[in-house]
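Asker: Listed below, chain by chain, are the residues.
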Amino acid sequence: MELARHPKRPYTLDYIEHIFSGFIELRGDRCYGDDAAIVGGLAAYHGRTIMVIGHQKGRDLAARTRRNFGMPRPEGYRKAQRLMRLADKFGIPILTLIDTPGAHPGIAAEERGQGGAIANTMMCMARLDVPTVAVVIGEGGSGGALALAVTDRVLMLENSIYSVISPESCAAILWKDAGEAHLAAQTLRLTSADLSELEVIDDVLPEPRGGAHKDHAAAARAVKEALETNLRELEVIGPRQRRRERYEKFRRMGVWKENGLTLF
Amino acid sequence: MARVSVDITRRNGAGASGSGAEGCPGCKQLLTPDELAANFRVCHHCGQHLRVGSRERIEQLADVGTWSEVAGNLRPADPLEFYDLRPYPERLEEAGYDTGLSEAILTGTCKIHKMDTVLAVMDFDFMAGSMGSVVGERFWRAAETAIDARFPMVMICSSGGARMQEGILSLMQMAKTTCAVEMMAEAQVPLVTVLTHPTTGGVLASFATLADVIIAEPGALICFTGPRIIEQTIKEKLPPDFGKAESNMEHGQLDMIVPRPELKDKLVQILGMLEGGVACALEPLWEETRRPRRRGGAFTQALKRIKSFTNVPRRPS
Chain A
1 MELARHPKRP
11 YTLDYIEHIF
21 SGFIELRGDR
31 CYGDDAAIVG
41 GLAAYHGRTI
51 MVIGHQKGRD
61 LAARTRRNFG
71 MPRPEGYRKA
81 QRLMRLADKF
91 GIPILTLIDT
101 PGAHPGIAAE
111 ERGQGGAIAN
121 TMMCMARLDV
131 PTVAVVIGEG
141 GSGGALALAV
151 TDRVLMLENS
161 IYSVISPESC
171 AAILWKDAGE
181 AHLAAQTLRL
191 TSADLSELEV
201 IDDVLPEPRG
211 GAHKDHAAAA
221 RAVKEALETN
231 LRELEVIGPR
241 QRRRERYEKF
251 RRMGVWKENG
261 LTLF
Chain B
265 MARVSVDITR
275 RNGAGASGSG
285 AEGCPGCKQL
295 LTPDELAANF
305 RVCHHCGQHL
315 RVGSRERIEQ
325 LADVGTWSEV
335 AGNLRPADPL
345 EFYDLRPYPE
355 RLEEAGYDTG
365 LSEAILTGTC
375 KIHKMDTVLA
385 VMDFDFMAGS
395 MGSVVGERFW
405 RAAETAIDAR
415 FPMVMICSSG
425 GARMQEGILS
435 LMQMAKTTCA
445 VEMMAEAQVP
455 LVTVLTHPTT
465 GGVLASFATL
475 ADVIIAEPGA
485 LICFTGPRII
495 EQTIKEKLPP
505 DFGKAESNME
515 HGQLDMIVPR
525 PELKDKLVQI
535 LGMLEGGVAC
545 ALEPLWEETR
555 RPRRRGGAFT
565 QALKRIKSFT
575 NVPRRPS
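These protein sequences, in sequence, are chains A and B.
The numbering of the first sequence is the working numbering, which starts it at 1 and goes up by one.
The numbering of the second sequence is the working numbering, which starts it at 265 and goes up by one.
It should be emphasised that the hints constitute simulated quantities derived from the structure, not laboratory data.
Be aware that one or more of the hints could be misleading.
As the list claims (entries may be wrong) - Beta-carbon label-pair distances, calculated as ranges: (1) B:Arg319 - A:Glu25: 28 to 34 Å; (2) A:Asp34 - B:Arg319: 43 to 49 Å; (3) B:Gly287 - A:Leu261: 43 to 49 Å.
Said to hold, decoys possible - With a cut-off of at most 20 Å between alpha-carbon atoms, the simulated SDA-like pairs for lysine to any residue come out as follows: (4) A:Lys257 - B:Gly336; (5) B:Lys501 - A:Gly106; (6) B:Lys499 - A:Ala108; (7) B:Lys530 - B:Gln324; (8) B:Lys378 - B:Pro525; (9) A:Lys8 - A:Ala222; (10) B:Lys499 - A:Lys257.
Note that the Cβ used here is the ideal one computed from N, Cα and C, for glycine as well.
Throw the hints in and build the complete structure from the sequences for me.
Answerer: Written out as structure tokens, the structure is:
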């Protein structure tokens with residue numbers, strides 16, 4: 001869990017720098033503002049274009065403050081929606097990089113419709129005609145992360161985490177003691193291995209020994225290879241079929257009992 | 265569609281929406297069960313809307329004898345073997361015992377003022393209306409029913425958020441229900457949601473805000489992050505009207521706030537208009553208010569003849 005939040009771990013902009021040969025950042029939600037917690041833009045990749053959108057936490061204190069530690073506000077999600085529609089319009093595949101403690105919990109964010117922003121981003125992703133791949137590169141913080149992860153393929157770096165709630169908050173609510181965060185983390189099952197077993201993600205990407213922070217280039221290579229493989233698989237399917245498979249994929253998530261049998 | 269009636273033994277001693285006199289959370293006056301039932305569980309002193317259980321809500325909205333449950337046989341499992349201070353199955357059993365329900369949502373078809381509708385109602389009494397796998401799957405099945413039968417869907421929302429005990433699977437229900445809403449949108453099936461007190465977290469950030477028309481009940485708390493967490497983050501006390509329906513309305517997040525006694529009529533009106541036709545219940549009204557049609561000249565007559573050829577699909581009655 002600590003590795004997922006390591007301060008030297010590569011962030012979205014680091015991956016963009018290592019993987020792509022060119023990047024034009026696109027900004028603004030055309031409505032209210034520009035949220036620095038989400039970075040998005042057109043990336044050049046072996047003669048073609050990929051739309052890359054991801055959370056950016058910020059490396060130094062000034063950047064972290066400006067980027068709100070990667071916690072997006074509605075403006076960030078609306079910018080993401082705009083860029084996704086742009087990519088869809090021109091048939092550009094989308095790569096999202098997930099690394100956020102969660103959506104920003106603030107009064108102004110609520111007033112501007114934080115819940116709705118997340119919901120509409122998910123719906124926007126659900127109806128895209130282009131192939132989409134999400135990679136959890138650090139922390140997958142609940143709805144704030146999921147908003148960018150309703151994709152054809154969801155991958156996780158080995159040491160990243162993805163959870164419905166932060167272990168600290170979970171411990172505070174269910175164990176009545178935030179100090180039990182480690183127990184909560186174990187019980188919640190939020191590691192890449194757990195999610196792979198629960199069939200919530202499609203693949204786990206290897207990290208360099210000791211963690212991605214030890215070797216940004218190697219981590220980026222893993223992501224690049226995975227992007228290549230998954231795009232190749234996804235592009236042979238037509239958009240309509242791909243959408244059906246996307247709905248089917250999310251439809252199967254969940255475990256319940258029906259007539260005495262446990263289904264998923 | 266076959267109706268299955270299930271007898272469930274309830275523990276004596278009610279949930280929040282059960283029997284026995286209750287104090288109004290607003291004005292603190294005592295309200296008898298009869299008073300509450302007569303006024304849709306709205307306090308007749310101060311207008312405070314008290315919480316309504318899912319079954320009572322169905323009684324309030326659906327025409328008598330028209331409710332038919334869908335996906336009622338689904339039951340929650342324990343995929344994570346979750347054990348905080350108590351094991352998840354134990355919490356589920358207690359919730360079932362307290363409420364007589366199997367989960368935090370009831371889904372089915374019914375008629376509302378003779379209009380066929382898919383109705384889904386969440387219940388805060390069951391584990392704070394938290395969304396887990398069964399809530400997600402029942403929503404999906406309700407959406408499928410609406411698409412197949414071409415009925416509109418009404419979703420009464422009430423939730424504290426995602427069900428932690430099912431971990432990441434609960435989070436994924438947000439994506440799953442969103443895909444269901446997208447399928448409904450593709451099929452042009454109207455979805456109207458009613459946000460009741462409280463509607464928060466993962467439910468607000470998925471289907472609740474993806475409806476074609478979003479209605480809220482007066483005074484309902486509607487916010488993504490709970491007020492306590494926001495206060496902890498910004499280290500200030502929040503204004504008393506934070507996140508309430510009225511505040512949401514002011515900030516453009518809702519279409520309308522409808523007092524509960526008017527909800528049934530309002531729903532039928534909206535659904536009827538979204539479907540392009542005139543709702544069954546409003547037809548008599550139309551007859552009364554319609555002015556005699558003018559015969560019209562040659563062009564109007566020709567247009568009428570053309571219109572009579574085109575096949576406008578009518579809603580199955």
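Asker: All hints, please: hold or fail.
Answerer: Structure-based check of each hint:
no. : hint                            : verdict
1   : B:Arg319 - A:Glu25: 28 to 34 Å  : violated (53 Å)
2   : A:Asp34 - B:Arg319: 43 to 49 Å  : holds (48 Å)
3   : B:Gly287 - A:Leu261: 43 to 49 Å : holds (45 Å)
4   : A:Lys257 - B:Gly336             : holds (11 Å)
5   : B:Lys501 - A:Gly106             : holds (12 Å)
6   : B:Lys499 - A:Ala108             : holds (15 Å)
7   : B:Lys530 - B:Gln324             : holds (13 Å)
8   : B:Lys378 - B:Pro525             : holds (18 Å)
9   : A:Lys8 - A:Ala222               : holds (18 Å)
10  : B:Lys499 - A:Lys257             : violated (43 Å)
Of the numbered hints stated above, those contradicted by the structure are hints 1, 10, listed in ascending order.
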